[in-house]
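Using this note's numbering, the first residue of the sequence shown is number 9, and each one after it goes up by one.
No false leads were slipped in.
Here are the simulated lysine-lysine pairs, DSS-like style, with alpha carbons at most 30 Å apart:
1) K128 <-> K107
2) K63 <-> K107
3) K52 <-> K107
4) K128 <-> K101
5) K101 <-> K52
6) K63 <-> K115
These are calculated hints, taken from the structure and not from any lab test.
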Amino acid sequence: GVKGFQNTQGEDCRCVPPPGRRFRHELGSAILRHSFLPAFAGSKAYRRAYERGVKIIGATAHYVTPELDQGPIIEQGVTRVNHRDSVEDLMTKGRDLEKVVLARAVKLHLSNRVLVYGNKTVIFD
Numbered sequence: 009g010v011k012g013f014q015n016t017q018g019e020d021c022r023c024v025p026p027p028g029r030r031f032r033h034e035l036g037s038a039i040l041r042h043s044f045l046p047a048f049a050g051s052k053a054y055r056r057a058y059e060r061g062v063k064i065i066g067a068t069a070h071y072v073t074p075e076l077d078q079g080p081i082i083e084q085g086v087t088r089v090n091h092r093d094s095v096e097d098l099m100t101k102g103r104d105l106e107k108v109v110l111a112r113a114v115k116l117h118l119s120n121r122v123l124v125y126g127n128k129t130v131i132f133d
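Model the full structure from these sequences, guided by the hints.
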């Protein structure tokens, strides 16, 4: 993967910081999460989202900070789902979306187009 970026795809993902890395967004460490938080936090989020009948799923790439899932957001994406989609379909669509969001976040970061301002980011076109 790209140095400083961590992909936590999967049903039971957890934010595990890279060993020896300081948790400062200035270092460029980032993480990718599905966007069910806070409604469907923890494990089996796709299953619980399916059971609830969600209409969209999403992915968020953000910088890592000491507080879990609280870092400045770099990029987000969403896709629509419907009643015909299975849990596996949601997971597949989610993984595909996560790849796109992570690629965009990495590109923005590496091209120095992200300015962190407090707990927000400004993205330059």
